[in-house]
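*Asks:* So the sequences go chain by chain: A and B. Residue 1 is where the first sequence starts when you use the numbering used here, and the numbers rise one by one after that. Residue 1 is where the second sequence starts when you use the numbering used here, and the numbers rise one by one after that.
Mixed in with the good hints, there may be bad ones.
Here are the simulated lysine to aspartate or glutamate pairs, EDC-like style, with alpha carbons at most 20 Å apart [what the hints assert, rightly or not]: (1) A:K5 to A:D70; (2) B:K200 to B:E230; (3) B:K456 to A:D70; (4) A:K130 to A:D190; (5) A:K5 to A:E93; (6) A:K131 to A:E61; (7) B:K456 to A:D149; (8) A:K112 to B:D442; (9) A:K155 to B:D431; (10) A:K230 to A:E241; (11) A:K130 to A:D120; (12) B:K59 to B:D22.
It should be emphasised that the hints constitute simulated quantities derived from the structure, not laboratory data.
Residue strings, one per chain:
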Amino acid sequence: MLEIKNLHASINEIPILKGINLTINPGEVHAIMGPNGSGKSTLSKVIAGHPDYTVTEGRIEYEVNFKKVDLLELEPAERAREGLFLAFQYPVEIPGVSTSMFLRAAFNEICKHQGAEEMDPIDFDEYLKKKMKLLDMDEKFIGRAVNVDFSGGEKKRNEILQLAILNPRLAVLDETDSGLDIDSMRIVADGVNKLRRKDNAFLVITHYQRLLNYIVPDFVHILYDGKIIKSEGKELAMKVEEKGYDWLTGAKS
Amino acid sequence: MSEILETNKLTDREYKYGFISDIKPVAFPKGISEEVIALLSEIKGEPAFMKAWRLKAYKHWTGMKEPHWPNFTYGPIDYQAVTYYSAPEKKNKNKGPKSLEEVDDELIKTFERLGIPLSEQKRLTGVAVDAVFDSVSVATTHKEELAKHGVIFCSMSEAIQCHPDLVKKYLGSVVPYTDNFFAALNAAVFSDGSFCYIPKGVRCPLELSTYFRINAAESGQFERTLIVAEDDSYVSYLEGCTAPMRDKNQLHAAVVELVALNNAEIKYSTVQNWYSGDKDGKGGIYNFVTKRGKCLGHHSKISWTQVEAGAAITWKYPSVIMQGDHSVGEFYSVALTNNRMQADTGTKMIHIGKNTTSTIVSKGISTDYSNNNYRGLVKILPSADGARNFSQCDSMLVGNNCSANTFPYIEVKNNTAVLEHEASTSRINADQIFYLQSRGIDLEGAISLIINGFCKEVFKELPLEFSVEAVKLLEMKLEGSVG
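Just chain B, same shape as in the assembly (with noise of 0.2 Å):
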């Protein structure tokens, strides 16, 4: 605790990760096409399979509609004013970076400043890195060591050409591009991503992960996650999210898959923390993001972990179908919202299997004028006997401009289901941050232990490090906001 309390002298609550990149970006002309599919393609040297599931869904999407169900507003986006792929310039014109050395200079000293060192010298002990900026996957760092336990990791693109076996098996059996509006549209332009396989009985030596950064103005990021997780193996994935300051917004929809088989258990944990806007509400990233996990073995588990921090605009709801029989999917969210930021998120547990257990814990902190929603279902299919779920969904409320709302969603269709669901609604008061204060503990600090107190449950999900960081993230965003 002392470490969390002794660190960043939080006095401004400026977004840190805002700054710019020098970096030419070699990028498409704006707008969605068949042609421009065809060219995305034919650019990644994908085969034909690939080629011809991204334009059935861009013919798909062109016939639906974006979804307005969600409790925020925000106004139209021209799909044709968007730059859908970017790309740092390359050193030299080999398809994709093989080493360090021929990674932009830039692209490092970006990443690095983003707490991300990539170089051999510098990188962090046990934790794999694909840095992905922009539209593109530049480098993935500790890729020798896990081909020693057969751990596939490398970018989608790499996936696409070196295992098309695997990303033609997988690729799209959860979040099929018929699911949804932005799956459709990212099915159809998907630049990159990470692709993670872990085979049979191996517990992942390190954790993996991927960052995103955005930078270039006026490009979306559209990238797909696959990951598969064969009998009896274990891996924990986490993922960080980064934008420059920019006054307009840009597009973020992503999908994320993930397969768990017999014994299996992925561990997904989300840092995320696009640029949200400015107070007035003006820039910031629309965050449209379907993230989905099929325990498709018997006794498999997914376990989504999410701090959502950023984005002017979230939608995103990572769910868990528990199609294997005694299968276990949990969802532990904090989602903070300050300025003007609007979020609608939560998640979907759908039961399939015979006793299958899912768990939802969500905590939610709005401050200034934000809006933060927790929509969530739990849905008891008729074969799921014996099904339980657990739903746990608390807001805090910083100061009287904001707003908080609970959309719980439950459809049993199996009498023997055990739902249980708790909600609470709660503020951070002066008289309790008065009480630390007394006892010796400055504003930052006692911020920060009722924060901690608060999101407890969900932070103890997280992997260490990760947790500390998470706490120094809500502090930086609330600092101002209470007292």
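Extracted from the complex, chain A is given alone in its bound form (with noise of 0.2 Å):
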């Protein structure tokens, strides 16, 4: 589904990410995991296309519906249409935009995009509370400002609202867990787990191990320098737990 091959990345011309390689196939769960600094958060926002990131080197092959595109020659809103989902560290308050209004735009056009039908706001509004059940949030939230207002564990849960809405096939959780109680991660843990399938994917990037023992990952990465330097099953992130990343990054210096 996504080959990240040799992917090296800059910001304001310093080198962040310096080779990574990476494969998720459908039906996985990957996590990524990485003391502070190590480029994390920048993978992601390299997946999705944010400006600010450079690549220089390497690419990144995405497979949706038998069809291999290069994913860094598409627009971030290009990127999205054809399945690729960010769940946002810092989610963005938008002004004035109530939520349903935005989640309809949104999926409307990733509707249009795949020859589906567009929804109107009577029936856009019943699924949208549906969705909303399932993530345990407010029907308030409908009518209200994207994210203004909202408290940490609210906007992660919009998140997951968004995820949950706009059913891509690859989704990047991107320390979706941060600033979230044992609670409300449980029930963002809940809302990820329904949504798994057999033909979509996730990539969970966090610092910590406790989000990963309610999202069960396949396959745990380590992330330091910009490379991914370990590899293994869920059992690495236990061991992450509990040694630290020490004993990782300082064997490899």
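Each chain sits in its own coordinate frame; assemble them with the hints.
*Replies:* So this is what it looks like as structure tokens:
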């Protein structure tokens, strides 16, 4: 589904990613862990196409519906329409734009691209309410401006709500657990688990192992200084929890 | 929303109304004098009282100075270099076209290109249009249907001839010619405009609208609009404006007067898109406009909604005088400036009657090297017991070279008044755009959503077709400034 080959990326000419290789197949959940500053968030932003980052080397191949595309050739909006989704670490506020209006606009753009029928506001609100129940969200969010005056936990839940609405093939969750209390985290993780299917995949970026107790990954990768230095099964996350990152990074240097 | 998102590929920021129509004008020589004014009055076949009024206004104007307190700069205006009257040549020499057959094809084509079809088959349903080209009104649609309800909607020239009593009673009653420099100039030389009269108890069945078009080079446009709503009546009026792209500045000095009697309501909406000059600030319309409404009757209401997106200079403060008890004044404004545009715009809310209420919602968006100012006055007179005002002034900056200022003035002479004022300044930022893009919404759609959100409180006051139009206009102006 996604094949990252020797990816190098920089911001303001400072290299951050220094040769990432990663393959994700449909039905898999991959976790990326690593200490602060290792490049985790950069990787998620480069996949989504943030304009601040420059890819200096390597490529990302993305395969969806039996067609292969060079992801880096696509605009951010085109990537989303091809079924890519990024749950932001810091969701952005859009004053005056209601959650329902925003999500319907996004949903219909994706429908249009995929040749499906667009939804009218009334049907869409029904669909939205159904998905909100899944995440234990209050219906009042429908009319509220996107992320404005939302608590940290509400913002994160809103990201997962968008994930549920837009139904992507590949979802990248960038530190979705940060700032969440244990109950919110469980709700968010349950939401994600309900969305897991054979034909979609998740890339979960996290600093702590905690989230991975709830969203159990198939593979865990350790990112350090812009490179993946170790890849194993879910037990790797436990080892990191126990020993920290030093034994890995120390071994490397 | 999706409809708005799908519209127009916004690949360039060109002013799409910048074309010039090949219409031969009949124009006065340049300059202003008593002779010019007398000739104008004569050409229009005006009654003596009009001519006398114009000449008094002119005399007053010659003793006045152009105001220089607004927060913008421009070179001196040579009032003797302006053409004060320019009209498309008529097919026959009768006074004013009586039917569309008499209107020049080129004129009809011009308005069609502007999205204002005038012919019987194509004209807009639900909206009656008065089309003003340079100095004269060329056509008014749906007149017969309005007449059935007793509504008078015609050009100002026609009103002066056919309804002199109404004109005499109300013209200058809200904006006297002594009011300010540009109002005096307008009173002396105004050449046309629209007149609306809504009789007692009538809810006007159509939206009334005037479309102003400046075509001739070096001519000014001086129109005057008067709307009178009798007791228990209601009218919604729309105004649109465009002009060709020319390198020289052109003067537009209009006056609009509204009068609302007991329980009457007037809703006045403007989408102003005069040519604003090129990116270096060359050319464009100087827009010096006096708009004022008087809530003369008790429980009357006057509401101004404006989307100001054009003109090199905008000097405009649509105001409401709340004279009747329990009357209501409203001002909803979106002012967008780009390139080198300069705007000094806002409102005046004058509370005289008891329990009068006013609301001000102003949204300023500035980008490129433009300068966008809100200037507003809330004045509570001693007689205005229980007056209330709510003001909200928000500015949005796009880019680093523009400026936005807010000048709120408050004068309260009655201690029962309650006033609230809120203000904010924000930026459209790249993170917002990226967030929306990462959800499948492209750049144009993202800008549209953000601007829609920022201006929501104002757009919801506009008639539906107008609000779609307004969003498209702002998107077009902002394209290329963000990102």
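*Asks:* Hints first: check each against the structure and report whether it holds.
*Replies:* Here's how the hints hold up against the structure:
1. A:K5 to A:D70: OK: K5 of chain A and D70 of chain A at ~11 Å, within 20 Å.
2. B:K200 to B:E230: The hint holds at about 5 Å.
3. B:K456 to A:D70: violated, 39 Å
4. A:K130 to A:D190: Answer holds: K130 of chain A to D190 of chain A is near 15 Å, not above 20 Å.
5. A:K5 to A:E93: violated, 34 Å
6. A:K131 to A:E61: violated, 31 Å
7. B:K456 to A:D149: holds, 18 Å
8. A:K112 to B:D442: holds, 13 Å
9. A:K155 to B:D431: The given pair, whose Cα atoms are some 15 Å apart, holds under the 20 Å limit.
10. A:K230 to A:E241: holds, 15 Å
11. A:K130 to A:D120: Since the Cα atoms of K130 of chain A and D120 of chain A sit roughly 16 Å apart, the hinted pair holds (cutoff 20 Å).
12. B:K59 to B:D22: At roughly 36 Å apart (the allowed maximum being 20 Å), D22 of chain B and K59 of chain B break the hint.
Going through the hint list in order, the structure does not satisfy hints 3, 5, 6, 12.
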